[in-house]
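Peer 1: Take the sequences, apply the hints, and build the full model.
So you can see what is in the structure, the chains are spelled out below.
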Amino acid sequence: MTAPTGLFRREVTAAYRHPLIWLARDLTIDARTGQAGTLTRTTTKAVPDSGGTNRTVNHSQPGWVGNTAVPSLDLGASESLQWAFSTKPTAMCGLIDFYENGTLASAGLPLLTICGATFLAPTLYLDVSAGLKYQITHNNNVSSVTATLAAAPTSGQRVQIRWWLYSDGKVQLWQSINGAAETTPGASGTLALASAWNGTPALYLNAKAVSSYGANRFIGCVVMLGNQSQAKLLEALT
Amino acid sequence: MATVVLTVNGLDLSGIGLYVTMAPGVFSAVARPSKTTQVLGRHGALLLPPYTSQSRKLVLKGFADPAARTVAGLQSALQQARDIFHAGLLTIATTDTAGTVRQIDGVLESFDADPRMGKLHFQSAQVADFTATIICGDPTWREVQPWSVACPTAGTRYSLALGTSPSMGWIRLMGAATNPVVTYRNAYGDPVWTLTFTTTLTGTTDWLDLDMVRGNIWQWRSGTRTSGLSLLTSGQQDWPRPFDPQDGDVTTTQWPTLETSSGSAEALYHKRHL
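From first to last, the protein sequence lines stand for chains A and B. Using this note's numbering, you'd call the opening residue of the first sequence number 308 and step up by one each time. Using this note's numbering, you'd call the opening residue of the second sequence number 45 and step up by one each time.
Be aware that a few hints might be false.
Reference excerpt, derived from the structure (chain B facing chain A, CB under 8 Å, subset only) [as the list claims (entries may be wrong)]:
(1) S99
(2) V103
(3) F155
(4) D156
(5) S192
(6) C195
(7) W214
(8) G219
(9) W283
(10) P286
These aren't lab readings, by the way, just hints derived from the structure by calculation. Glycine residues also receive a C-beta, built at the ideal position from the N, C-alpha and C atoms.
Peer 2: Next up, the structure:
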């Protein structure tokens, strides 16, 4: 089923009212909200099953990881998962649930990006700061604002990062590590919202468009309109 | 009995002031009606196969007592409840105190709300009883987290741990492989079904995606997907068939197995329970 663009969706579940919901446990790269997923990887890699036995997955084959506490999708070097993203810049929010697996090793490596095919502004993205913490940046093609978390997870920890884009263009992150209470450094400064994202926008996991890749194991991803609580966002990932 | 939290599409109903006090159908086994026939000269009746399972009917009964116990508060809670239950396909989840989560999908058959009036007119009620009836076409509960089984070595049998009900999922065959044969065996080692594919899968780039849920077979070559149904040259009558715990024994954890004759494979599915 294809989600109509820019409309609230009521066809199947309450989840369809939101711009994007994807869960690794569904064992598909397609989003619950109807968008077909595109996985880019040309190489092979070994991923463990539920018992920890590795198998080698081939070109474009999703690498489902079974032996993490919650099954996840492994996205590594030169690998991204993307969906069409029709929501214009507006007050919105999201939550990304993943196991840290190496993205934090280098500044600039991406976690999540909303942009066109070439990562040009206006864009919104989460990546790694110079201090090796996750940060969010809103760039309206004139200027940009950034909010950076104060703490960093270690490899193997389960991380839930909630992000908000306010109606006045501010951005803010909250981080929960291994189920602990969220922490936030506060919001950035304000920045006027652009009328649209650059190009034909998509939401990319683990990449800035199709360049610069991170390396994490993703459990789920949700985007909602407005600025929602952690509980509300997690509801969609239940 | 452990405390159980019921959620509808991820929403704990108590969050909007709805409390479920009885839930017939949640813990029940699925009805399995049998046809019978009587034979002259014999006592009783003969059971006539095939035996089938019915859909599951969940009845959630409880009361609405919103945090703001006012007329407006009740109206708001019931309005949200009607909206939630009318969303379309509902995913009902139970979570017990051990953290075990099971899910089932269904659609609303009816939602009845009955304001508690006492001596008051119903328009003044602040609390109401409700009954939501949900029909679940697939009557089995699925484990929320999937299960994956790697079959990295051709010719080796790999166990498929299951729940108490058959599971459908995905089998992927990865190259390099030539004319791979997938064999599903019961716990005794006897073949139950065998799928033979006539194709050559190149290493690193090619794989077959066997979607048991929809009955599709896809061939992937360097990221390009084409239908692979015509590659199934033997065993069509057995496609698709589920992984069935009755091909093993749940109580002694003896499981059916899967193997491929060439290349490697993986099986992905959710365990299901009666």
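Peer 1: Hint by hint, say whether it matches the structure.
Peer 2: To see whether the hints hold, each was checked on the structure:
no. : hint : verdict
1   : S99  : violated, 18 Å
2   : V103 : violated, 21 Å
3   : F155 : violated, 14 Å
4   : D156 : violated, 20 Å
5   : S192 : holds, 4 Å
6   : C195 : holds, 7 Å
7   : W214 : holds, 7 Å
8   : G219 : holds, 7 Å
9   : W283 : violated, 19 Å
10  : P286 : violated, 15 Å
Of the numbered hints listed earlier, those contradicted by the structure are 1, 2, 3, 4, 9, 10.
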